[in-house]
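K.L.:
Sequential numbering of the sequence shown, starting at 1, is according to the numbering used here.
FYI, nobody ran anything at the bench for these hints, they're computed from the structure.
Glycine included, every Cβ here is placed at the ideal spot set by N, Cα and C.
Heads up, a few of these hints could be off.
[Stated by the list, open to error] Here are the simulated DSBU-like cross-link-like pairs (lysine-lysine), alpha carbons at most 30 Å apart as the crow flies:
no.	residue 1	residue 2
1	K177	K190
2	K146	K286
3	K107	K26
4	K190	K105
5	K286	K26
6	K105	K26
7	K174	K190
8	K190	K26
9	K105	K177
10	K174	K146
11	K174	K105
12	K177	K107
13	K107	K174
14	K105	K172
[Stated by the list, open to error] Between beta-carbon pairs, the in silico distance windows are:
no.	residue 1	residue 2	range
15	I164	I112	20 to 26 Å
16	G147	V16	38 to 44 Å
17	F143	Q28	18 to 24 Å
18	G116	Q28	37 to 43 Å
19	G78	L235	34 to 40 Å
20	V294	S171	32 to 38 Å
21	H76	L285	39 to 45 Å
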Amino acid sequence: MSKYGILFILIAMIIVMSFMSDAFLKTQNILNIIRQISFIGIVAMGVTIVIITTGIDLSSGSVIALTSVLVASVAHPGDSLIGALALGAGVGLVCGAVNGILTAKGKIPPFIATLGMMTAARGLALLFSDGRPVPNLSESFMFLGKGVIAGIPVPIIVFVLIGILSHVLLSKTKFGKYTYAIGGNEHAAKICGINVDRYLILIYMYAGLLSAIAGMMLTARISVGQPSMGVSFELDAIAAAVIGGTSLSGGVGTIPGTIIGALIIGVLNNSLDLLGVSSYWQQILKGLIIVSAVLIDSRKNKKV
1 MSKYGILFIL IAMIIVMSFM SDAFLKTQNI LNIIRQISFI GIVAMGVTIV IITTGIDLSS
61 GSVIALTSVL VASVAHPGDS LIGALALGAG VGLVCGAVNG ILTAKGKIPP FIATLGMMTA
121 ARGLALLFSD GRPVPNLSES FMFLGKGVIA GIPVPIIVFV LIGILSHVLL SKTKFGKYTY
181 AIGGNEHAAK ICGINVDRYL ILIYMYAGLL SAIAGMMLTA RISVGQPSMG VSFELDAIAA
241 AVIGGTSLSG GVGTIPGTII GALIIGVLNN SLDLLGVSSY WQQILKGLII VSAVLIDSRK
301 NKKV
């Protein structure tokens with residue numbers, strides 16, 4: 001697939017759907033698609049950076065759930081909004097730091113380390129909330145998920161801002177250069193003097209922070225802290241990254257590519273909904289797309 005292949009696929013999907021459904025190109029429907037993929041897209045950006053280092057993050061969905069119930073418990077009317085946001089960010093950073101330390105210092109494979117975090121964070125969310133939703137959120141907090149600025153939903157604005165930040169971070173800074181160097185050849189990166197352990201911890205912390213931000217916005221969106229929130233988010237985030245051209249072999253991937261990958265998933269889900277296709281078939285089609293993207297990535301690596 002060429003560099004712009006996924007962009008052509010997205011454009012082709014939009015053109016086809018514009019002929020198949022009159023509702024597809026309506027402004028409200030387009031905004032709904034972008035708002036729905038905002039949450040997955042934010043998580044996927046962090047996952048992309050992790051995958052570039054040849055890592056993986058399976059804990060994103062559970063970090064979302066843990067953030068949701070903890071933040072909801074301190075975001076009631078009269079409580080400090082800043083305090084709630086700081087708590088949410090702290091949860092993401094701590095979970096990410098644990099993933100990074102287990103991977104970098106403990107030499108535990110990322111799949112196992114983040115699988116453990118996935119289970120533990122989900123358990124903590126259920127334990128803290130006793131398995132029940134946490135209601136009574138303040139209006140100022142719910143603005144994060146339901147608010148609109150100049151006609152644009154707040155989640156979309158946050159999604160765009162984080163997209164710009166992540167792209168600059170990955171393409172214009174030492175952090176980004178070291179990320180690609182670690183993914184390309186970790187041993188060579190160490191020889192070149194890069195503190196690989198330190199950067200791996202920072203990378204997982206960034207991924208955890210983005211999961212927490214998505215968790216806070218989702219909580220504000222549905223007006224309740226929910227311990228079951230975020231189920232399968234990690235898989236959708238990984239799918240968006242892989243479809244967007246991020247290589248599971250490491251060293252390759254971009255934020256714009258991941259955003260396009262998330263948009264492809266969003267357009268696909270929306271199109272199948274408009275056409276009345278059952279959610280079961282949607283899961284099957286999504287799985288086929290992920291497998292196809294991985295096969296294409298595998299064939300590209302063989303050619304290299």
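K.L.:
Each hint: holds or not?
P.N.:
Verification of the hints:
1. K177 to K190: Roughly 13 Å separates the two Cα atoms, so the pair holds.
2. K146 to K286: holds, 28 Å
3. K107 to K26: Judged against 30 Å, a Cα distance of about 50 Å means the pair is violated.
4. K190 to K105: Holds - the C-alpha atoms of K105 and K190 are around 14 Å apart, at most 30 Å.
5. K286 to K26: Measuring from Cα to Cα gives roughly 24 Å; hence the hint holds.
6. K105 to K26: violated, 51 Å
7. K174 to K190: holds, 15 Å
8. K190 to K26: violated, 52 Å
9. K105 to K177: holds, 21 Å
10. K174 to K146: Given that 30 Å is the threshold and the Cα spacing comes to 36 Å, the pair is violated.
11. K174 to K105: holds, 22 Å
12. K177 to K107: Holds, because 22 Å separates the two Cα atoms, which is no more than 30 Å.
13. K107 to K174: Holds. K107 to K174 sits at ~24 Å (cutoff 30 Å).
14. K105 to K172: holds, 27 Å
15. I164 to I112: 20 to 26 Å: Taking Cβ atoms as reference, I164 and I112 lie about 33 Å apart, which means the hint is violated.
16. G147 to V16: 38 to 44 Å: About 33 Å separates the Cβ atoms of G147 and V16, which means 38 to 44 Å is violated.
17. F143 to Q28: 18 to 24 Å: This hint holds: roughly 20 Å between Cβ atoms.
18. G116 to Q28: 37 to 43 Å: Holds, since G116 and Q28 (Cβ atoms, about 42 Å apart) stay within the stated range.
19. G78 to L235: 34 to 40 Å: holds, 38 Å
20. V294 to S171: 32 to 38 Å: Violated, at about 24 Å.
21. H76 to L285: 39 to 45 Å: holds, 41 Å
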